[in-house]
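Engineer: The lines below spell out each chain.
There are 6 protein chains.
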Amino acid sequence: MKPSQNDIDRLIRAALEEDAPWGDITSQTLLPADATLTAQLVARESGVLCGSDLFRAAFTLTDPKVTTHFHVADAETFAANTILATVSGAARSILQAERVALNLVQRLSGIATLTAQYVAAVTGTNARITDTRKTTPTLRIFERYAVRCGGGHNHRFSLSDAVMVKDNHIAALGNTDITAALRRLRSELPHTTHIEVEIDRLDQLDAVLAAGPDTVLLDNFTLADLRTAVAKIAGKALVEASGGVSLATVAAIAATGVDLISVGALTHSVSALDLGLDIHADRNIA
Amino acid sequence: MKPSQNDIDRLIRAALEEDAPWGDITSQTLLPADATLTAQLVARESGVLCGSDLFRAAFTLTDPKVTTHFHVADAETFAANTILATVSGAARSILQAERVALNLVQRLSGIATLTAQYVAAVTGTNARITDTRKTTPTLRIFERYAVRCGGGHNHRFSLSDAVMVKDNHIAALGNTDITAALRRLRSELPHTTHIEVEIDRLDQLDAVLAAGPDTVLLDNFTLADLRTAVAKIAGKALVEASGGVSLATVAAIAATGVDLISVGALTHSVSALDLGLDIHADRNIA
Amino acid sequence: MKPSQNDIDRLIRAALEEDAPWGDITSQTLLPADATLTAQLVARESGVLCGSDLFRAAFTLTDPKVTTHFHVADAETFAANTILATVSGAARSILQAERVALNLVQRLSGIATLTAQYVAAVTGTNARITDTRKTTPTLRIFERYAVRCGGGHNHRFSLSDAVMVKDNHIAALGNTDITAALRRLRSELPHTTHIEVEIDRLDQLDAVLAAGPDTVLLDNFTLADLRTAVAKIAGKALVEASGGVSLATVAAIAATGVDLISVGALTHSVSALDLGLDIHADRNIA
Amino acid sequence: MKPSQNDIDRLIRAALEEDAPWGDITSQTLLPADATLTAQLVARESGVLCGSDLFRAAFTLTDPKVTTHFHVADAETFAANTILATVSGAARSILQAERVALNLVQRLSGIATLTAQYVAAVTGTNARITDTRKTTPTLRIFERYAVRCGGGHNHRFSLSDAVMVKDNHIAALGNTDITAALRRLRSELPHTTHIEVEIDRLDQLDAVLAAGPDTVLLDNFTLADLRTAVAKIAGKALVEASGGVSLATVAAIAATGVDLISVGALTHSVSALDLGLDIHADRNIA
Amino acid sequence: MKPSQNDIDRLIRAALEEDAPWGDITSQTLLPADATLTAQLVARESGVLCGSDLFRAAFTLTDPKVTTHFHVADAETFAANTILATVSGAARSILQAERVALNLVQRLSGIATLTAQYVAAVTGTNARITDTRKTTPTLRIFERYAVRCGGGHNHRFSLSDAVMVKDNHIAALGNTDITAALRRLRSELPHTTHIEVEIDRLDQLDAVLAAGPDTVLLDNFTLADLRTAVAKIAGKALVEASGGVSLATVAAIAATGVDLISVGALTHSVSALDLGLDIHADRNIA
Amino acid sequence: MKPSQNDIDRLIRAALEEDAPWGDITSQTLLPADATLTAQLVARESGVLCGSDLFRAAFTLTDPKVTTHFHVADAETFAANTILATVSGAARSILQAERVALNLVQRLSGIATLTAQYVAAVTGTNARITDTRKTTPTLRIFERYAVRCGGGHNHRFSLSDAVMVKDNHIAALGNTDITAALRRLRSELPHTTHIEVEIDRLDQLDAVLAAGPDTVLLDNFTLADLRTAVAKIAGKALVEASGGVSLATVAAIAATGVDLISVGALTHSVSALDLGLDIHADRNIA
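If you're matching them up, the sequences are chains S, U, G, V, D and P in order. All letters in the first sequence, in the order written, are residues 1 to 286 by our numbering. All letters in the second sequence, in the order written, are residues 1 to 286 by our numbering. All letters in the third sequence, in the order written, are residues 1 to 286 by our numbering. All letters in the fourth sequence, in the order written, are residues 1 to 286 by our numbering. All letters in the fifth sequence, in the order written, are residues 1 to 286 by our numbering. All letters in the sixth sequence, in the order written, are residues 1 to 286 by our numbering.
Accuracy of the hints is not assured; some may be wrong.
Said to hold, decoys possible - Distance condition first, Cα-Cα at most 30 Å in a straight line; then the derived DSBU-like pairs of lysine-lysine: (1) Lys65/V x Lys2/V; (2) Lys166/U x Lys236/U; (3) Lys232/S x Lys65/G; (4) Lys65/D x Lys166/V; (5) Lys166/G x Lys166/S; (6) Lys232/P x Lys166/P; (7) Lys166/G x Lys236/S; (8) Lys65/U x Lys65/D; (9) Lys232/V x Lys65/G; (10) Lys65/S x Lys2/P; (11) Lys232/P x Lys166/U; (12) Lys166/S x Lys65/G; (13) Lys65/S x Lys166/U; (14) Lys236/V x Lys65/D; (15) Lys65/G x Lys2/S; (16) Lys65/V x Lys166/V; (17) Lys65/G x Lys2/D; (18) Lys166/G x Lys2/V; (19) Lys166/D x Lys236/D; (20) Lys236/S x Lys236/G; (21) Lys65/P x Lys236/U; (22) Lys65/U x Lys2/U; (23) Lys2/U x Lys232/P; (24) Lys236/G x Lys65/U; (25) Lys65/P x Lys2/V; (26) Lys2/U x Lys65/P; (27) Lys2/V x Lys65/D; (28) Lys166/D x Lys65/P; (29) Lys166/S x Lys2/U.
These are calculated hints, taken from the structure and not from any lab test. All figures in this text were calculated on a predicted structure; none of them were measured in a lab.
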């Protein structure tokens, strides 16, 4: 489930167009057409790689003759100073594509690296770390892939492929019978539809469980209330926790026995991983 | 120079399509078509607003009958707990558009807020805070606008509209006469083209100045070397500093007398500002 | 979950462009610009309506001033000779849009009407009639909506939103342990993913059930084998039947106790319902 | 005049995107990346082939390494159980593309096969079987090609490339002089424009013939009236018959001497031809 | 057959995007948001108007509140100094859209004006002036409309809607029987297809006429040969002349009795008509 | 800074689609699929070549097997009767693509040739010949490249990448202090923004110079006033002349000492250069 080549090409074409709508005037004017370079993608800090296909496509869609070889694969961990990839070809092309290539591989590796930290923090528990829909608009398919590269799991992709009944839906329903409302979802939607219901207080649990949801999301519960809810649900549904999740708190949340912990920060507040392109002019340009 | 309505509509349509490719199955099945809501965009922390037009468009392009009124304008500062906007209309539509609307306004307000911190840190100096090309691919026009909302300035938009000769270009040129190479840029490119040259050592300055650049970028210079370079350039070109810029260091860099300080972190490592949508069911749904 | 206005507009714009790439040369040359018409969409046979929004959009996107009023709503049943809708406006515009409008409403009403016949045939049983992925390429969102208008249910939308392990997958797996393979799906995919497994022989059932699927699809089973399988599954998973389903056989299949009967013919072999546009010139053209 | 590779690629890309917006989660999770398959497209009933290029493109655009060889060409007739094509390559890719490939080749072969039956029915007469504009919106170029594969002829492509004055136009003209109106078409439109006029009563023929149309369309005429009209037109224009055309009636209509018989059912009510993909795992996956 | 609003909007959006990819930095920075203007489109030379809808759309798609009123309609003749249109609204919007608006109305009015000169030159003869396929790529629909505004006629739109057998086709056919080849076109293509055949020597005429073409194109014939050919064809086909057509020669060519004279220069060598936008600041900006 | 392959492909695909929306019915019906041709692009008059990549792409995107070799490169001068390029491949493909290929190479070579005439006329002076924004909408990137091929320089690309304050802006500002207004541009816009100001009277010069513009544009100045202005500006800004520029006047304007002369006619009134495709049937078709 890597993003398809079509998805990759579409993003890269748009990014290249944005970054050079009428060409790279510096490289094309300054450098001879036949100057070539070898460049290395180097890790300036340790992390988990994600985005190699996008990185490669930035060069290939600028100039099909540029070659890119990765020495580390997506989802692999690397130390600082590791040479991640080698790029060779026309100097004009490599320098034109460099920023688009770096912007994407740094961002996605940042997500993968942060995810891996969360996953490591819950080692030994039953809990999955999952993403949310708090992704960069139009880049979701790539950011979800980065979460998987970091060892996390994906949540539903969109509003179309699974039900999530949230506090705002219940507010909008007013004093409707919530159990009946949830059952209607089951009867009208495709049998393949997973139904998850969010609650933010323990006293909401009984009415929700009565409707037979597939997953119950416990939002902003104390650790004590998480434990109580897990015990009460007792396998009748999956249990997801959200809210107040950080690297400092995630292990304790996982220890309550929840099945899933969703972490918005994996994608809504991304730090680009520090990766750089070190360039060596080939002999024939001297 | 706000992003145009066409730019806004194109992004929002793509984001809505991504987030609900075949509809919001929860809201459309669970909620009556005639249920209405009033929702408030509330600041859960202080900051600078950016993205009101995108926020509004997320609702309008989902349902033209939803109304959105902002009580704070883009580029304005707000305290925690401020009600930033009020949204009214069909419950189905508001809940379907909520996540796309929030994802964008939180991200752009995060950029504006961080920029404002950098700008405040250099108050009283001559230095402009500028962005870089380290933006989210395909969202540059919006992220640059967020930098302006935060009081920062924009750098060149792309590889097409200004020259930036970087260390990698000079490496690619080998032992070519750099002064002559830079003069060729001036003679071939449009007279409207600004020519900026990056150096990373003081001893490169003379050859560059001899070519009459419009701006000299001093990358990763010590404060002492920055001062030396500023004195040497002496108004013959604008002076930009980059590298090692943080909220802790920016004031000292500005104090060296540089004209511009470019900060990649403004856009490459964005923390979403904590804004939420509080929803109140209207009476007629009870 | 009606198709969104964006989906509708995109299809209609493409259809109008296909049908009149450089205008309707007959109407625009022959008819005066100010000639107006009133037209009625009339049922030449009984059926279930689907496609009113597309029908309306064909006229509106040709000419925003044309008005369309439906007297019967999508999903409603009508008798032969019923006037389904009235269209008024410029003669040139109505005659230009007529064929696109009819092509779509006839096709979708054909699907809805056939679906309703299958649904009626299983009345009194527990079985849902569902569609398949055998839809017209690029029109799936509309054809699935037509199935719902006819009282049927949708199956998964695509290869992305639910798992269906088919005979060809099992063939491709060779002599891998099928139970283990299925469990891997559960451990790797999002917790919201429904897992359905197809078998075509009773002796495959145990290995599949051992993996805990959400649904078992029994393909081309005899009625006797369907009954045996339903008894054996005994609520541990949903049961879907497919293969050899026709209006003649569906009731007997439903009577075996299966939960779902998927019918490819609902969308792969559509007969356009016979609907026509009867046109009356308005007085002012005489 | 086969659809161009651009037309084919555009349709297939859209269809693949629709059927797997974020990948084939079953095949990609279940099957090893290096598993390969050989599959055969087998006719489960006899017919006329159409759509081989689309079938191939579904695989190629999913994975350029999949190879597809057709043993029967478009427009050729085949018996039940014929192996029409062989597909080889990665199991994941073939299973992902299978449904899109089959949906199109089954639909187009259904059209070609039905067309061939109509063409056979009029063997020995002068009459051409032609399609109409009652095609699936956005797929016209492919469905018209299928009609040609079945031995039929195409009618005008769209409202832009030939004139067809229909009953509704004449109604919209009110009591205008029809002969004069038709002559205006000739004087204003390009000299390359074919002018066809529909009538539904014999008494309309004289006024139409007076204007010198290229073709007269006799809609819903009795056999006797067809014969009368053919005699009266006597070569001064081509004669087309439409309305009430079925496999049962078409031979008698052709025998009246008309030049053209247009059949909406060729494309508006398509039965997918029963073609299936039989899959054999290659040895290396066992 | 004016270009549709969809065609117009698509062109204008692309042109505006090209001319201001990230806004009009001059107007948006220099002028107050509430400054308004009234501008007049003034003819600096006489001519025939074409492009009013494109001119209006340039302003409207920049800013829906700008109003544009034309005092002269497309296809109307005007004298130098005529005020053709009045535009009112926000100064920023009008100045941003001005160049796109002018570029199109000047170009299309240039075509209409030149066409009108050719049409005037053949007054009193039977000959139509027609365009060719030598149009600006992607703007054909607009340039053909300009030819009609100038009183000319259109030729076939494209390679798809009529046959034109040119010298190069005949060369490519080698020593095939040309009459038979032409008859095959008639038997295979839709009955609505007009068949035109180009010859460049009188001695080719018999073989072509034997095939019954709809039009014969005489390319680069002398006036004497044109007369001979017209006499020989004698109404059995339409006669078109091309080659060596200028305002100096066209009357003599028309006098030979040909039905059509096609003029590539109408669109391949367009002089923009001199129209300008005179701007008056509204009082409220002083 | 040649247009990118993506830009080229996008234009050519649109042009081919426009010129053959459902195929080249003449070539595809008339010519055998295996007939091949060799064709030569021949100059019927002397000029400067531009558009070889577009010419090649027209054939390649119609049929990847067609080969195109240019014997003259873009920006090179050629005499009448020069063979510019040789094209070989399937006859159907070459004849289908011919018109699109010629339309573009003739138009762009027309621009390059005219530009070269202007450039030659100012030889020995300091003046650059530049283009303007009076380009064909949506083709600017290609027409600007043609100006460079002719030895001219480009002006700003669009409203986004440089400031040009024109008379209409100043009119819109009313009696605002122009010097202060211009300084605001400098303080708000990116430091890379070139600021050019148009004046049409000598008495406007002082206020403009006081604001420190990068370039002053003197519009419609007499030669005497040009000389006066050049003397007064004295190197404090670049000086551009516009208005009343023709091949007859340009040398005198250049002699006044201006740095730049912008010529709208380079692109707003293009005469296609007379280039033709001479076709030789290959032996194997005889």
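Engineer: Please name the hints from earlier in the document that this structure breaks, with their numbers sorted from lowest to highest.
Structural biologist: 3, 4, 5, 9, 11, 12, 14, 15, 16, 18, 21, 23, 24, 26, 27 and 29
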